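Trainee: Okay, here's what each chain looks like letter by letter:
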Amino acid sequence: MTTVLVAHFITAAVAPLLVRLWGRNGFYALAIVPGLATVWALFQLPAVLNGESLSESVAWAPQFSLRLGLHMDALGLVMTLIAAGVGTLILIYCARYFNDSEPGLGRFAGVFVAFAGAMLGLVLADDLIQLFIYWELTTVFSYLLVGHNAEVKESRRAAMTALTVTTFGGLAMLVGMIMLGETAGTYVISEIVADPPATGPVVTSALVLIMIGAMSKSALFPFSLWLPAAMQAPTPVSGYLHAAAMVKAGVYLVARLTPAFGDVAVWQGMALFFGVATMVFGGWKALRQYDLKLVLAYGTISQLGFLIALLGTGTRAAALAGVAMLVAHSLFKAPLFLVVGIIDHSTGTRDLRELSGLRQSMPTTYWVSIVALASMAGLPPTAGFAAKELAFGAYTHGGTLDTVVLVGLVLGSTLTVAYSLRFLWGAFFDKEGVQPTPVHAPGALFLAPAVVLAALSLVGGLLSYWADPLFAVYADTVPQGEHETYQSYLALWHGWELPLLLSAICVVGGLVLFSFRNRVVWLGTRLAFVNPERNYRRMLAGLENLALQVTGSTQRGSLPVYLGTILIVLVVAAGIPMVSGRIWAGPQPELRLWDTPVQIIPALIIVITCLLILFVRRRLFAVILVGIGGYGVAALYFLQGAPDIALTQFLVETVSLVVFVLVLRRFPSHFSAPALKGRRIWNMIIGLATGLMVATMTWFALAGRLEPSISEGYPAAAKEAGGYNIISVLLVDVRAWDTMGEISVLAAAAAGVASLMFVRRRAQPRKAPGGVMALSVTQPPSPPTATGAWTWATSGSPRRTCT
Amino acid sequence: MDLGDLRVAPQNMHVKPQWNRTWLPGADSLPTERRSLIFEVVSRFLFPVIMIISLYLMLTGHTDIGGGFAGGIVAGLAFIVRYLAGGRFELYATAWVQPGALIGAGLALATGVAIGGAIFGGDVLAGNDWYINLGILGSPHITVSLFFDIGVYLLVIGLILDILRSLGARIDEQIERDAAHTEEEGSAPGTAARAEEVTS
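Heads up: the sequence lines are chains H and U, in that order. The C-terminal position of the first sequence is numbered 810 in my numbering, with every residue numbered one higher than the one before it. The C-terminal position of the second sequence is numbered 447 in my numbering, with every residue numbered one higher than the one before it.
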């Protein structure tokens, strides 16, 4: 498994090179890697069907009980097949979707393959922290993919929205994961699921946070807004990220944890409530979209709600239906996105009001869409039908809650049928008053991935009975619901039962809704009271405003206030324990006047300069006096027998003196007198208190030794390191780690000095090169043709044109 | 000629060292009243001496007083003296290496020693020492931490050059620009601006 992941990331690294060499055909080479991953996953099928699971684990940071663990069971296998299989087909599709001249194609290819790798890592990770890392990787890569057309403003904004919303959820999830991991005593997912921690307030809040993460990733209400916005992405990205892979990450997480926490009320409740609500609202909103891609986007939101509701229910039947629906959804939603891309490519528009007559001009695309839409609407004999039957069946013989959910699901499915019809009608059928759209026919290679996926939708329905064992391996990990009397199974035909009737109701209801489509659009627009886009923007603006207010009210830019705050905190924080601990009652160092009488000279110099500083008014004098004091301290060091420290102190003092003088050139020559006398007294009090505090601390620290000094061992350590100068050996050998840290700080400080002191204004208006303006001004206005008028109107300034 | 926007003098503006004529070539761009012949000559003489002292301090650090940090500061002081005597173009001509490159090289060398220790010595920053026989030159005592110290040395020189360039040369530029600006306006604000330039 590690090999598969590493192969993806290596391929991602060389992808730009391949695309540069071979142009868009490089995507065929790139498709090999996920293709091999798919084949490899298929080979694991027999073992997984026997209930075995693959595990790999490497210790990473044992002291934090972190490990790199991969684990593949039935759910992991299903997700691997989806992520790698659909990824392969979409890479093949990319090779015909893009032109060789597409800007940034190499980067796109690399990021796309890296995303596929991250997605595989996400579904195979066996560690909560590791899962989070892959989770955030997919977020970052999706940001790059959605913002592929970086020069378009909407594209950038959509990428940013997706990043903000999913990262918000991701961070909430991280907190939840840490709470869960700490309570369980392990971060290994398989161990947590095998032995879930007892429910308590901590576990409950952890589950809420994790569910928020899953909901934001899977674009559930109220986090749905990023998915429609992300439709700015190139269609392959939508087909992969927003149908098969990334949005399934949240669904996967719910499916992963439901066997352990499916009986926790808050988990079940959130999944059911938000799932069903999203399913209904998303479907309703899809009915009034005119962009084919947006119809699919809202449809995807609706289906994701459906999936999370099913997988979060915590009964075996619902879990089986959920995982079947998960596969079916990938198999019908991805080809539909691909079809939209093909239509966009062939006709130049995605607006269903402009498309007409494509049924005749694009027959293959039409039939592919028919199959995929049938699966989406839940018509036999497709995979979607089998899964939906099972989903209805999971709630038919339950209590009140189950019945409410069932009503919601039926309503949502009715809407699904309606927007499927809307898509079909909008994309392919003849419309009154619209000319048949001119089409240049797509090539066979362009169509092939969509054909394969649609065929799989069909085959998946016909052979659903054989797919059942694989899904059952996962579903068996979820306990049966209290009302379940028999083990449900996936099949195309269950007999004349309630689910079949409900499916029929959905189809009829969908047809009715479709026939009143114009009124539905009108009603939907009238009822849209909440504009999530606008709310989101207002929320962000409010946040920025708040940040501005907080920064403005705490960072006033006054050096005296900053310094005063720091010093007061020092005095208070150090003073309270000193006073409350009665430091004066403790041991005191014995008083010595001097070690050698020579020490009096530097000591006197220090005292005198310090006192003088209080009275000078010129900045330069103050700086020089501080410097002299520093030299005095250096002399004291030397007299104490520390020549190395004395040398360093001398040198640093000299450099700082020079730097001070250099800076002082830009300052007023005299200190400004504080305007208020009270302010001045206050400053003096702060200074006095700090001085007293530091002096007292130093004095009592001399007697405060509790452990024997470690400096006894220094000579031996220095000799071992091959040196005689203890200080130097200490710096570069014994405690070299400290020095490493210090020089890093120095490097950062150097960067800070250069950048903070002289922020260059980039936006300075530059003078235009001489001559250009004059030439365009003197040029006579171009004749009032249509193009000439356009040039003048749009450019806003006269532009030089060839005459 | 307006040199105000230049951070580094263009190649054709670099004054080529001409030993028979001038001591500090960059000092020619200074106004005459700011130049001091004695200072220029002395700083020119002192520069190599201080540099050798700094190298000595760095190399003897392990057995005697000194070390990379002290050596680096001494070398920095040599540049400071040269800048004070000859102005910013003298600084650019003397220390033509970008400070960022020195800082980066120093940090890279120190980190390289640390990682090398992890690879060869089994532990990050693992040390070792040996003697190299150089024939009649004796056999100096080389330690791994010497290379670490060289990294520190380079980084400190880079730091001081960075400070000199930003707080010294760039402020020079600002002052010159402001002076040119006030001359253009030639009115009352000029006196206020001039009063700000306290020392130089």
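Think of the hints as simulated: they come from the structure by calculation, not from any bench. Accuracy of the hints is not assured; some may be wrong.
Covered stretches of chain H, as calculated for chain U (at least 3 residues, CB under 8 Å) [what the hints assert, rightly or not]: (1) 146-155; (2) 646-654; (3) 660-668; (4) 731-739; (5) 748-754.
Computed Cβ-Cβ distance ranges for the label pairs, DEER-style [claimed, not checked]: (6) U/394 / H/158: 34 to 40 Å; (7) H/762 / U/288: 32 to 38 Å; (8) H/605 / U/365: 43 to 49 Å; (9) U/288 / H/755: 34 to 40 Å; (10) U/288 / H/568: 47 to 53 Å; (11) U/258 / H/452: 31 to 37 Å; (12) U/394 / H/58: 53 to 59 Å; (13) H/462 / U/351: 54 to 60 Å.
Fair warning: this is a prediction, and the values are worked out from it, not measured in the lab. C-beta atoms are modelled at their ideal positions from N, C-alpha and C, and glycine is treated no differently.
Trainee: Now tell me if each hint is right for this structure.
Mentor: Here's how the hints hold up against the structure:
With a threshold of 8 Å between beta carbons, the proposed coverage of the segment 146-155 of chain H by chain U is violated, since 0 of its residues qualify and at least three are required. Counting residues of the segment 646-654 of chain H whose C-beta lies closer than 8 Å to any C-beta of chain U gives 3; at least three are required, and the coverage claim holds. Beta-carbon proximity to chain U at under 8 Å applies to 5 residues in the segment 660-668 of chain H; the threshold of 3 is reached and the given coverage holds. For the segment 731-739 of chain H, the stated coverage by chain U holds: 7 residues have a C-beta nearer than 8 Å to a C-beta of that chain, and at least 3 were required.
Counting residues of the segment 748-754 of chain H whose C-beta sits closer than 8 Å to any C-beta of chain U gives 4, which meets the bar of three, so the coverage hint holds. A hinted range of 34 to 40 Å is violated for the C-beta pair residue 394 of chain U and residue 158 of chain H, which are about 48 Å apart. Distance hint check: the CB atoms of residue 762 of chain H and residue 288 of chain U are about 37 Å apart, consistent with the given range 32 to 38 Å. The beta-carbon spacing between residue 605 of chain H and residue 365 of chain U, approximately 47 Å, falls within the hinted interval of 43 to 49 Å.
Under the hint 34 to 40 Å, the C-beta atoms of residue 288 of chain U and residue 755 of chain H, about 39 Å apart, fit the expected range. Distance hint for residue 288 of chain U and residue 568 of chain H: a CB-CB separation of about 48 Å, consistent with the stated range 47 to 53 Å. A beta carbon spacing of about 55 Å between residue 258 of chain U and residue 452 of chain H contradicts the range 31 to 37 Å that was offered as a hint. Taking 53 to 59 Å as the suggested C-beta distance range, the pair residue 394 of chain U and residue 58 of chain H conforms, at roughly 58 Å.
Judged by the Cβ atoms, the range 54 to 60 Å given for residue 462 of chain H and residue 351 of chain U holds: they are separated by roughly 57 Å.
Figure legend: structure checked against the earlier numbered hints; hints not met, in rising order: 1, 6, 11.
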